[in-house]
Amino acid sequence: MKVLITGAAGGLGRTYINECIKRSYEVCATDINNNGLITMKEGIYNRYRKNILTYPCDLTNDNSVNKLMDYLKEQQFEVDMLLNVAGIDFEGGFLDRSFSEIQNVINLNILGTLRVTHKILSSKEFSKRFYIINISSLAAEQPIPLKATYAASKRFLLDFSRAIGEELKSKHVNVLAVCPGGLATTCEVMHAINGQGFFGAITTCNMERVVTHSIDYVLKGKTKYIPGIFNKLASSLNYLLPISFTTKYLYKRWAKAQSTWLTGLVEEIKV
Amino acid sequence: MKTIVITGATSGIGLSVLKQSLKKGFKVIGIGRDQNKIDIVTNELSEYVSKEYLIFLKADLMELTEVKRVGLEIKKYLQEINSGLLDALINNAGCVRNWYSTNSQGYEQQFALNHLAGFYLTHFLLDCIIKAKGKILITSSKSHMNTKIRWNDIMFEKHYHPLLVYKQSKLANMLFSYELNNRYKALGIKAYGIDPGLVNTNIGLKNTGGLVKFVWNIRKRFGLSPEVPAKTYLYLLEEMPSPIDLYYHNSKPAYYSSEVNFKNSFRFFVLSEQLCNIKFGDFS
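Protein sequences, first through last, are from chains A and B. According to the numbering used here, the first sequence is numbered sequentially starting from 260. According to the numbering used here, the second sequence is numbered sequentially starting from 1145.
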């Protein structure tokens, strides 16, 4: 199995590389951060004495993605599984951020993912089964005030993957949308999780299990995966409660979480 | 004047050891992660200590590249100032994580910081320590008891449990000091693992979250002040305790786990060498 991972130098991407190597898949890792790719390559070599392909690529740039495709062709790396991990999180109100930052979220989370997926799929002959994993989020289940752009972009990915999964079923393509809660990928995210207190802790998923299960599920042909029992329950509440109520509740929760998160940061520096 | 290096020197046990060893007239090179905390500590101590006695370097030891950078920097500095002599290295920096998380090489963070960072730093400073017939002190813990190294899942990628990972990393510290003694005792250096006991520090609160944070917030109230375990470090730095004992608690030798034996320590040492991609102590 040959796997292409985008956003591979981030916390989740690194875990995916590890898991793929353990399953003895061949990996091509791409990210905008070339240094991160190189250290990860070293780490994989040290641990498993195995080489992975790396190629730096900016998914928001069409030329850069074309170069990546050329590189794959040159290496005769025919992708069987595409892991769309690349994405950026987004905290703070709509008006607190500049427009270019908001544009960036859409450019990477939506357009970047579509660009890479379309280019890979259009070069395929569909002789073998093909697998796609899109990383959506638990935020995709309902509108989230103060995270509006991010949540909406993840909603796009969720609906898109389920639709395209049905569309390409006859061509033997399995598409899985993963909707994890918090994942402890970076120190900032851990601060944010702490800021949410009890709910932050309970919605946070174990990254190593999300990764293993999501690959298992895409191989089986599932279309949507919400890790964690509490998260499954919470997202099923969306079908029972009116959406105006959940939105109101989430606004209160996020406003509180973000304020404690920010003051928590200041306190930690003082200590 | 004796020179020592302390990692994780801006808070907790590291800070207490730093203060007490400055009082005893050691020259200290401290390593910290956070520039703000470094500034606070240097400002606080600048009244009592002259500049040449205390140097701080900033490095995030979670990343092996940073360990390498700071290791070589210290080595260069020692060669200029102290003709390459280092009397003690105190591998004290450590962390706890509630969830599986990795450093940029894809290594689990508790494993990377609690064990590999110390291992890699010792590799760079080894010949300085050998020249001075120095000591290596490693902050282990009593929690290294009743656990084993999970050889087939060393980074806990199947099922992460914060406490078990912490316990394994502390056992790793013991195995490392045991193997250091095995290999380099004849050259005059000595490694010790230290059990600080339950100490009132913030180790369980930094970037942890979840259950660990909750539990540690309660548990740390029963802990001793970090000045108490710091005495053990000072005892080991100043005295020449019996070379047979490896593991110290309250300035006295203590029993350690039977997992710490030749077979395990050798195997673990080779594994650590592989993960850092080095031949330990070899620069050729």
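Source of the hints: derived by calculation from the structure; they are not laboratory data. Every residue, glycine too, gets a C-beta built ideally from N, C-alpha and C. Among the hints, erroneous ones may be present.
Stated by the list, open to error - Covered, in the sense of this in silico footprint (three residues per stretch, anywhere, with C-beta under 8 Å from a C-beta of chain B), are these stretches of chain A:
| id | segment |
| --- | --- |
| 1 | 270-281 |
| 2 | 314-328 |
| 3 | 414-422 |
| 4 | 460-469 |
Verification of the supplied hints:
1. 270-281: holds (count 7)
2. 314-328: Violated - the segment 314-328 of chain A has 0 residues with a Cβ nearer than 8 Å to chain B, which falls short of three.
3. 414-422: violated (count 0)
4. 460-469: The restraint on the segment 460-469 of chain A holds, since 6 of its residues have a Cβ under 8 Å from chain B and three suffice.
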